[in-house]
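2 protein chains.
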Amino acid sequence: MPDRNQPPRPGTSVAGGGRAALDTALAYYRAWTSHDFDKAMTYVAEDIICQAPAGRLEGAAAFRGFMGPFVQIVTSSSLIAAFGDDEKAVVMYDTGTVPVKDAPGAECVTVRDGKITHMRIIFDRVPFDEARRAAATG
Amino acid sequence: MPDRNQPPRPGTSVAGGGRAALDTALAYYRAWTSHDFDKAMTYVAEDIICQAPAGRLEGAAAFRGFMGPFVQIVTSSSLIAAFGDDEKAVVMYDTGTVPVKDAPGAECVTVRDGKITHMRIIFDRVPFDEARRAAATG
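Line by line, the protein sequences are chains A and B.
Residue numbers are given in numbering that gives the first Met the number 0: position 26 of the first sequence equals residue 25, and the series is strictly consecutive.
Residue numbers are given in numbering that gives the first Met the number 0: position 94 of the second sequence equals residue 93, and the series is strictly consecutive.
Simulated from the structure, these hints should not be mistaken for laboratory data.
Every residue, glycine too, gets a C-beta built ideally from N, C-alpha and C.
Keep in mind that a hint or two might mislead.
Stated by the list, open to error - Short derived list, chain A residues pointing at chain B, Cβ under 10 angstroms:
1) 21
2) 53
3) 88
4) 90
5) 91
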């Protein structure tokens, strides 16, 4: 049953067995989209494995190096969908960023003891590459 | 409550209110990953709006022109996660393709009367662009 103490969230599903992973995924999302990346990192396990478009990242320091610079260029965000259960959650969102105005992303996270231990993150690198090239050629 | 007549599926959540959209999203996924794209299209509304990395596609014909050629180059697929309720579902998957061996994607679909009326699809175009350039330069 849905938790009546929680406000309704767009596209959020409540599984019969619980929603602990979804809660962690949403807490992480809310923290980084409000530019509190240090708080966001409190939801990330020290030994996180992140499969990102550019490759595999191992550990919280590598993850911070990947996600931190992105958070700094985010200017807006909106949640497209968030679903999950006690172990796994998927969050899809749209972001506006300084170089790219429409940069959606999707994350599938595995959560253990309130920390994200695995993340598969999908986004299109093409508009970021194009913006970089445009900036370089003036 | 979970539907006991359904086999368990990896990463699949059952919402209190139903899972009609999830069922349609999974039927669509199973059809195209088994190379039955005509069957896949039976789950797609004539007036589908698809927001893809390259832009907005309107209508089933445009959607077929986008997704059909991709389906032809898919050599393998595996479901990473699938969650949803009666109206909306998110499916994340990995595919192997002829030009790119690791090409994950994520879709958020809105379903009405068993047909996908809206799809937001996210994937990284960079490895496909690189494969195309490598093929062109021989």
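- Structure versus earlier hints, numbers of those that do not hold, lowest first: Violated hints: none at all, because every hint is consistent with the structure.
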